[in-house]
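Q: One-letter residues, chain by chain:
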Amino acid sequence: MAKENLKKTPLNEKHRLLGAKMVDFGGWEMPVQYSGILEEHRAVRGKAGLFDVSHMGEIDVQGPDALILVNKVITNDAAKLAVKQILYSPMVYENGGVMDDLLVYKLAEDHYYLVVNASNTEKDFQWLLENTEKLNVQVVNISAHTAQIAIQGPKAEVILQKLTDYNLNSLKYYRFDFAKVDGVAGLVSRTGYTGEDGFEIYAGPEFAGQMWEKILDAGKDEGILPIGLGARDTLRFEAGLPLYGQELSPEITPWEAGLGLFVKLDKEDFIGKAALVKQKQEGLTRRLIGFEMVERGIPRSHYPIAVNGQEIGWVSSGSYAPSLDKNIGLGFVDAQFALLGAEIEVVIRGKGVKAKVVKTPFYKREA
Amino acid sequence: MAVLQDLKYTKEHVWVKFEANRARLGITDYAQETLGDVVFTELPPVGKLVAKGESIGIVESVKSVSDIYTPLSGRVIDVNGQLADSPELINQDPYGQGWLMDIEPFDAPQMDILLDAAEYEKFLAQIQVEQENQQNQTGP
Numbered sequence: 145m146a147k148e149n150l151k152k153t154p155l156n157e158k159h160r161l162l163g164a165k166m167v168d169f170g171g172w173e174m175p176v177q178y179s180g181i182l183e184e185h186r187a188v189r190g191k192a193g194l195f196d197v198s199h200m201g202e203i204d205v206q207g208p209d210a211l212i213l214v215n216k217v218i219t220n221d222a223a224k225l226a227v228k229q230i231l232y233s234p235m236v237y238e239n240g241g242v243m244d245d246l247l248v249y250k251l252a253e254d255h256y257y258l259v260v261n262a263s264n265t266e267k268d269f270q271w272l273l274e275n276t277e278k279l280n281v282q283v284v285n286i287s288a289h290t291a292q293i294a295i296q297g298p299k300a301e302v303i304l305q306k307l308t309d310y311n312l313n314s315l316k317y318y319r320f321d322f323a324k325v326d327g328v329a330g331l332v333s334r335t336g337y338t339g340e341d342g343f344e345i346y347a348g349p350e351f352a353g354q355m356w357e358k359i360l361d362a363g364k365d366e367g368i369l370p371i372g373l374g375a376r377d378t379l380r381f382e383a384g385l386p387l388y389g390q391e392l393s394p395e396i397t398p399w400e401a402g403l404g405l406f407v408k409l410d411k412e413d414f415i416g417k418a419a420l421v422k423q424k425q426e427g428l429t430r431r432l433i434g435f436e437m438v439e440r441g442i443p444r445s446h447y448p449i450a451v452n453g454q455e456i457g458w459v460s461s462g463s464y465a466p467s468l469d470k471n472i473g474l475g476f477v478d479a480q481f482a483l484l485g486a487e488i489e490v491v492i493r494g495k496g497v498k499a500k501v502v503k504t505p506f507y508k509r510e511a
Numbered sequence: 052m053a054v055l056q057d058l059k060y061t062k063e064h065v066w067v068k069f070e071a072n073r074a075r076l077g078i079t080d081y082a083q084e085t086l087g088d089v090v091f092t093e094l095p096p097v098g099k100l101v102a103k104g105e106s107i108g109i110v111e112s113v114k115s116v117s118d119i120y121t122p123l124s125g126r127v128i129d130v131n132g133q134l135a136d137s138p139e140l141i142n143q144d145p146y147g148q149g150w151l152m153d154i155e156p157f158d159a160p161q162m163d164i165l166l167d168a169a170e171y172e173k174f175l176a177q178i179q180v181e182q183e184n185q186q187n188q189t190g191p
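Residue numbers (the working numbering), protein chains in the order written: chain P, 145 to 511; chain C, 52 to 191.
Please note that a few of the clues may not be correct.
Facing chain P, from chain C, some residues (calculated, C-beta under 8 Å) [to be verified]:
1. 87
2. 88
3. 91
4. 94
5. 113
6. 114
7. 116
8. 155
Quick caveat, the hints were computed from the structure, so don't treat them as lab data.
On a predicted model such as this, the values are computed, not experimentally measured, just so you know.
The C-beta atom is built at its ideal place from N, Cα and C for all residues, glycine as well.
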């Protein structure tokens, strides 16, 4: 068990009062579950759930050359963004391996806001600083001054609307705006990591506690529950959303991870472009697949994947999927086996257990 | 955390109920609470010979995989077939419908590694103290 000093979000005390099980998540003390992962998972799919995601990193990029810097480090193209629009993108090293995946918020023509994975915040911040040479731009790590709360699920809009005068219905997917929630000025975006509709709210840490309680209160009749990292993981996984450290790492390129949609080779030079162009020309040797178990067994991260006893890859994420009542996984395999319907085996405790390659996302909400 | 008086326990959080010629095994209330929602079990085939201390089954929750260690040597004479479709019985009724298997022990119960209810409660209290100490160490 971790004995070092863990970082705490402004909502740490609230989680304890709610009886959450706390765990060390990349140096942060975070709630892994409150009432139970399955119950929390189902609440988000059917009603609504509230997440503390204040551990996420926020980096502010401002100045005449802000767009140049952002577009230099990401593989997607921020030039096409409108103000108050959001972009998802991988950020890669010179060799094409993924450093992180992030959201780019365009606040103004010369002002962007990057939301990055908690454990990568310092690494990403340093990377941005290293790349500001000759650019007129200011990069500030504002993570410590930002709390982030996510409300997700089919009832998210109804619940949050009770606390704001802003017309949430007018806020489109991957757009954001400045709005008062419970009287507190913040930034509200229609984004999330669950496969459901929902919002992410950014505000000063001093307001987080009250906002958290107000939202739980406002959603009581709709059946809102606080949601821990355990259900956050099963939700994102069913929705086929990659997780840094599992589907994404410096050893994996965006092509391999199935994120080609977010690599824009037609934009001018960016870090890693040459390597990604080369890999595309040469063809991929491995690819991310989704699979479901045909025989009994739960795939888990790092279990080998085999065909006819020959190892062809590994499981990156695997779990029982509560919304599908199936055991499913994501994994990297030799490209020749990345075919829908292909029969593979997951090696569980030394035994090959049958599975088959299926389409991702495993779960898609009804439009 | 429920601890039943008429059962024996192991430090791996397995309970044992001795009857005439069989010993019924399951996981304790503390174990199911710690694991969280159980979603999968793997039990040995009936007839299998098992040796004291070996892993004889697997209980998986959403986030974890746990071995079940037998405190007795013997032969597996029955397993709880309901768990294949309803693993949640382990959470709902760990000492009843959530039982795992019956073993016919080879010798008289080896009481050296089995705790009675009072001893197991004491053991749980000890674990709790250790956890609290650790939490205090992570405090500000």
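Q: Please go over all the hints and tell whether each is borne out by the structure.
A: Hints versus structure:
1. 87: 6 Å, holds
2. 88: This hint holds: residue 88 of chain C lies near chain P, its Cβ roughly 4 Å from the closest one there, short of 8 Å.
3. 91: 5 Å, holds
4. 94: 11 Å, violated
5. 113: 4 Å, holds
6. 114: 6 Å, holds
7. 116: 7 Å, holds
8. 155: Violated - the Cβ of residue 155 of chain C stays beyond 8 Å from chain P, reaching only about 25 Å at its closest.
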